[in-house]
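Protein chains: 4
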Amino acid sequence: MAGDGTGVLFRVTTFGESHGPALGAVVEGCPPGLALDIDALQADLDRRRPGQSKLTTPRKEADRVEVLSGLFEGRTTGTAIALLLRNEGAYSKSYDHVRDLYRPGHADFTYAARYGVRDHRGGGRASARETAARVAAAAIARQWLAAAHGVEVLGWVASVADVEAVVDAGAVTREAVEAHATRCPDPTAAAAMEAAIKAARADGDTLGGVVGCLARGVPAGWGAPVFDRLEADLAKACLSLPACKGFEIGSGFAGTRLRGTEHNDAFVMEGDRVRTATNRAGGVLGGISTGEDILVRAAFKPVSSHFAPQQTVTTDGRATTFRNKGRHDPCVLPRAVPLVEAAMLLTLADHALRAAAVRG
Amino acid sequence: MAGDGTGVLFRVTTFGESHGPALGAVVEGCPPGLALDIDALQADLDRRRPGQSKLTTPRKEADRVEVLSGLFEGRTTGTAIALLLRNEGAYSKSYDHVRDLYRPGHADFTYAARYGVRDHRGGGRASARETAARVAAAAIARQWLAAAHGVEVLGWVASVADVEAVVDAGAVTREAVEAHATRCPDPTAAAAMEAAIKAARADGDTLGGVVGCLARGVPAGWGAPVFDRLEADLAKACLSLPACKGFEIGSGFAGTRLRGTEHNDAFVMEGDRVRTATNRAGGVLGGISTGEDILVRAAFKPVSSHFAPQQTVTTDGRATTFRNKGRHDPCVLPRAVPLVEAAMLLTLADHALRAAAVRG
Amino acid sequence: MAGDGTGVLFRVTTFGESHGPALGAVVEGCPPGLALDIDALQADLDRRRPGQSKLTTPRKEADRVEVLSGLFEGRTTGTAIALLLRNEGAYSKSYDHVRDLYRPGHADFTYAARYGVRDHRGGGRASARETAARVAAAAIARQWLAAAHGVEVLGWVASVADVEAVVDAGAVTREAVEAHATRCPDPTAAAAMEAAIKAARADGDTLGGVVGCLARGVPAGWGAPVFDRLEADLAKACLSLPACKGFEIGSGFAGTRLRGTEHNDAFVMEGDRVRTATNRAGGVLGGISTGEDILVRAAFKPVSSHFAPQQTVTTDGRATTFRNKGRHDPCVLPRAVPLVEAAMLLTLADHALRAAAVRG
Amino acid sequence: MAGDGTGVLFRVTTFGESHGPALGAVVEGCPPGLALDIDALQADLDRRRPGQSKLTTPRKEADRVEVLSGLFEGRTTGTAIALLLRNEGAYSKSYDHVRDLYRPGHADFTYAARYGVRDHRGGGRASARETAARVAAAAIARQWLAAAHGVEVLGWVASVADVEAVVDAGAVTREAVEAHATRCPDPTAAAAMEAAIKAARADGDTLGGVVGCLARGVPAGWGAPVFDRLEADLAKACLSLPACKGFEIGSGFAGTRLRGTEHNDAFVMEGDRVRTATNRAGGVLGGISTGEDILVRAAFKPVSSHFAPQQTVTTDGRATTFRNKGRHDPCVLPRAVPLVEAAMLLTLADHALRAAAVRG
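Protein chains in written order, with my numbering: chain A, 25 to 384; chain B, 25 to 384; chain C, 25 to 384; chain D, 25 to 384.
Bear in mind the hints are in silico, worked out from the structure with no lab data behind them. There's no promise every hint is true.
Pairs count within a copy or across copies, as identical chains cannot be separated in the list.
Calculated pairs, SDA-like style, for lysine to any residue (alpha carbon to alpha carbon, straight line, at most 20 Å) [said to hold, decoys possible]:
{"hint": "1", "residue 1": "K349", "residue 2": "G315"}
{"hint": "2", "residue 1": "K78", "residue 2": "T338"}
{"hint": "3", "residue 1": "K222", "residue 2": "L282"}
{"hint": "4", "residue 1": "K349", "residue 2": "T285"}
{"hint": "5", "residue 1": "K78", "residue 2": "A136"}
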């Protein structure tokens with residue numbers, strides 16, 4: 025409960041810093057008997073990897089995953105699965121200039137305040153590099169959710185800065201998302217986003233945006249009352265992602281402008297199954313899944329590492345000016361898609377197991 | 025970990041249904057020696073109570089709190105504090121018409137899907153009535169946070185439907201919030217909100233809106249890395265509130281439209297203290313508090329209990345039409361303010377204790 | 025996680041002090057649909073009650089339980105069940121003489137060390153009175169385990185001071201246990217125990233002893249690897265009982281004197297079922313149940329409240345002599361039987377739910 | 025909460041099987057700023073290692089530990105520390121003969137019952153090899169407890185089969201324990217134990233015994249009320265060790281034969297400090313430390329892997345005879361000493377952090 029782990033039954037603990045020897049995750053509670061597809065796991069990691077397109081940082085992270093435990097003859101045993109990712113291409117020296125100051129927008133100051141010591145290299149434990157471990161763990165959740173429950177989780181870039189995509193969540197596919205380096209399935213918006221990102225990079229500036237994400241195939245009845253509502257755990261999972269500043273489920277903030285008569289989703293029968301005619305709820309009512317698609321949105325602030333000079337202070341309390349060096353994504357959104365998917369996947373896998381325990 | 029509790033060290037477990045004998049909360053981990061002000065606790069409860077103004081439901085809930093344990097000669101002992109609220113004014117018969125159907129926008133269907141059985145009276149455990157227990161527990165957190173750390177948590181209504189208030193978070197006071205029945209400290213907006221709420225009630229319709237909330241006085245260094253980031257726990261706490269569909273911290277969704285050069289908060293010295301010149305971060309960086317005000321916003325959908333006829337299905341799978349009876353708030357926002365405060369208070373109290381443990 | 029609660033999925037949180045207004049428990053995660061038998065729950069409480077026989081303290085505690093939540097039309101809903109026990113017959117004044125000193129063998133000093141404040145009346149939160157709440161919660165676990173899994177948990181007094189009973193665990197019945205006020209099913213030993221207890225009381229002295237307890241009907245496969253082994257959670261549950269100083273499962277300490285060739289239980293088939301020919305393991309191997317009876321023993325020190333003068337110190341650090349007043353059990357063993365049963369019941373109910381989640 | 029982890033604030037999660045690629049542990053919550061002595065950590069591991077003396081199995085496990093995260097310039101950062109131990113010398117083929125049967129006394133059958141699948145090689149996750157990861161994690165706890173609180177944890181072999189040592193717990197030293205391959209600080213008993221172990225090995229048989237362990241320097245006030253009593257967590261930690269069947273604290277089972285007048289420890293002043301004249305309590309009262317030495321004993325059954333033929337069943341339900349091959353310890357006691365120390369160290373480190381949080 026010290027913060028490096030999440031989940032009650034499908035529990036994931038991660039470790040590792042940006043410039044330490046390795047990152048990794050321990051996955052507890054993955055059901056036994058799953059034939060783990062390591063290539064598919066690696067493919068999930070590759071979607072998060074830097075350097076995958078011309079829009080992302082060229083930092084080289086091969087991020088080859090090694091499974092250290094929990095597999096026997098290719099299948100999960102039900103006990104802890106450890107995943108290891110060695111760090112490569114990490115040149116600590118390039119961070120010497122930030123050792124004695126606090127970078128604005130980063131966790132340098134707050135980690136120093138909390139711990140007294142701080143690994144200044146690339147943000148240390150606060151680096152977004154940590155999310156590689158989450159994505160690897162979530163890839164296991166993805167495979168289990170698909171095999172056991174037919175659940176699919178799929179995210180996309182919904183906006184970059186002012187450019188908003190038009191996306192039909194009911195129809196969006198992985199292929200459409202992956203068709204463009206932006207991971208925006210609206211080609212017109214994707215082109216505009218790409219242009220915006222390139223322009224920002226040319227300026228040495230950075231952009232933010234919004235990721236949309238859905239889960240298809242979640243049955244009615246996952247979730248919990250009161251504090252561990254499914255939407256609450258989804259919100260926590262998203263807000264635990266670096267740079268995430270907002271979360272919506274279903275109608276979200278826009279829904280606050282509707283009237284009750286406009287907002288409620290009517291129940292209808294579809295054969296034997298209770299459905300809702302619309303899905304402004306976003307797939308949850310009272311903290312428990314309805315069986316409709318679960319629809320969330322996560323807001324990401326513009327990347328903190330831009331290249332303009334910034335006013336800041338040194339660790340010994342003097343005003344100074346700081347300017348980033350090195351290589352940084354001008355816009356994290358394309359790579360944030362697998363992160364939001366990971367947030368949903370880990371939350372859903374945990375609640376799937378919890379739902380299995382309800383009747384003992 | 026079954027969902028009725030929250031927190032690691034300042035842990036709160038609630039119980040009770042809308043129309044059962046009683047609600048209550050058990051508060052573990054409240055530090056010893058706090059002189060608990062029961063009147064102030066009751067005053068916090070009264071702010072949540074229905075019937076407190078002409079804008080809220082007239083359901084009578086005296087909600088007198090009884091402290092059952094954990095106090096000795098008026099001071100906390102450090103062991104579990106139990107709070108009891110007897111239900112009154114609960115006329116279960118008025119729910120007979122919903123026993124055999126699922127109300128749209130409510131948790132009737134999802135609870136049935138999860139548990140097989142369902143207490144149909146007023147939503148049972150899913151009722152917003154449960155939040156009385158949280159508010160009572162949070163009142164203890166409020167008193168301890170104020171006494172031990174000088175922390176103040178203060179919320180307000182930021183919008184109702186299309187009516188948006190203009191609020192200077194740095195200057196807002198409890199008095200300004202309580203000056204109007206809407207709990208909106210912008211008098212012009214408050215008047216417009218009141219008119220909108222009355223108009224909706226006249227239509228038998230309902231409204232949603234947004235609550236803003238801040239915490240003043242939180243020192244730098246509260247929070248945790250990775251999964252238990254302070255903003256993640258705040259998001260979870262807010263999304264665990266009934267009808268909450270969105271959460272923002274700091275710049276939130278609007279911040280996604282800024283550039284990095286516009287968004288980062290510069291660090292500056294104020295005497296010995298590291299401050300930020302602006303506070304788009306909303307008081308957290310990398311999951312840990314900066315020492316600036318923590319600023320969140322929570323979106324609430326329009327109340328599900330409007331009075332127009334609604335299409336739905338019966339528990340045995342036939343289409344039917346449902347129409348609410350009885351008394352319901354046309355707009356939950358004024359009463360949602362103490363709920364969002366409670367969400368912040370419980371989260372902060374827990375992280376305050378966790379911060380105290382960091383160096384052992 | 026502050027200490028007042030236990031269990032992951034079947035989670036119980038208790039509250040209350042010896043001389044406060046009330047005690048109680050909140051039970052989370054009890055599966056829905058259980059027809060709760062309140063009379064049977066009360067009967068479990070009555071077995072723990074003081075004043076039930078001539079061997080126990082005459083303190084009057086009617087201990088009528090009230091169910092505050094989690095029931096609908098007599099059945100559990102799957103959400104939090106709160107149980108309330110009002111304190112009666114508690115004369116705080118009789119503790120005035122202990123206010124300013126630390127009673128040997130009690131938690132007075134350690135609570136003061138931990139919390140700075142201390143409720144001196146009857147031990148406050150450290151009083152064995154707290155166990156009434158556990159027994160009430162465990163009565164729910166008992167009913168669910170019986171209804172859902174056919175599990176029976178049954179304890180007995182195995183020894184009092186030097187008097188050891190001869191008990192055939194495979195054959196012992198509730199009737200045999202309840203046939204004698206000592207709760208020892210060996211009539212000869214029971215008579216000797218009674219004599220020993222009466223003699224100790226006549227001396228103003230107190231006795232300890234050992235409780236044996238078994239669970240019948242637990243299927244193979246309950247438990248968990250590594251840290252949450254079933255025997256580990258059983259040990260924790262027993263050692264969390266007041267005055268408990270030791271725990272054994274299966275062959276226990278005596279088994280350390282056997283050779284491996286004597287100790288291992290051979291596997292044999294009984295129809296389709298894998299059984300062991302003997303049960304020195306006590307029903308667990310590697311932390312997981314074998315399907316054989318689970319057999320534990322818990323050691324209870326002699327009651328700390330004897331009536332001889334004792335050397336101690338005052339709260340301000342001066343040597344003094346203390347002598348108990350009032351009414352105290354000379355031997356807690358007969359009343360410890362339902363406590364050890366409660367420890368087993370809560371642990372088994374939790375692991376039953378966890379087992380149900382293994383395959384998701 | 026899936027069983028592979030333990031602790032609330034100082035939280036350790038382990039992974040790895042006997043014959044998988046690696047074992048390891050993730051340690052969360054270790055306070056920042058500790059200068060970790062890797063050589064001392066390795067030395068703790070070496071005390072657990074097989075092949076360290078003529079009394080233990082010659083299986084070669086170099087068990088070189090690698091620290092993957094959580095260190096910066098040799099000091100802990102306060103974030104997750106991952107430890108990696110590669111498996112070597114593991115010849116899976118030597119287990120082919122156990123693939124299709126259940127070894128008596130091992131977890132083969134119970135893991136199959138729980139998970140449906142089973143890694144038969146050396147017990148898989150149920151192997152005592154897992155304890156290497158715990159010992160490594162506990163070595164960090166040891167260093168922090170010593171540096172921050174001056175706490176020393178020291179164990180010894182108290183008995184092997186019928187041979188009981190005479191040990192003055194107040195005076196025992198690490199040097200005395202390590203002076204003999206048995207880790208028994210009583211030279212006469214040590215010689216008898218060695219003879220007994222060699223005789224058992226000559227017979228192809230195995231022995232059990234008891235480990236005694238103490239913690240010196242724990243201040244008064246560590247622990248928690250009710251369910252998380254310090255002795256309860258210590259019992260759980262010990263019973264989570266492979267082959268452990270019993271636990272005692274202080275007077276334990278023998279204390280049940282004393283009278284209250286004999287058992288209570290009188291309080292006395294020693295300067296400003298409240299002490300007890302004796303320590304039958306074993307350093308805890310009411311779940312909280314007294315400041316005296318904490319004294320526990322843990323019972324270990326004889327090793328299950330003896331070399332006589334054993335009756336058992338195949339995985340498809342036929343009776344068969346099984347005979348161990350390969351290399352196994354005839355007596356685990358000398359190597360169990362660091363395991364019990366690890367159990368105490370991890371429990372104490374967690375409660376130290378929890379104690380630091382009590383007053384927020």
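Okay, the hints, checked on the actual structure:
no., hint, verdict
1, K349 / G315, "neither (48 Å within a copy, 28 Å between copies)"
2, K78 / T338, "neither (34 Å within a copy, 54 Å between copies)"
3, K222 / L282, "between (37 Å within a copy, 16 Å between copies)"
4, K349 / T285, "between (54 Å within a copy, 15 Å between copies)"
5, K78 / A136, "neither (34 Å within a copy, 50 Å between copies)"
Of the hints listed earlier, those the structure fails to meet are numbers 1, 2 and 5, in rising order.
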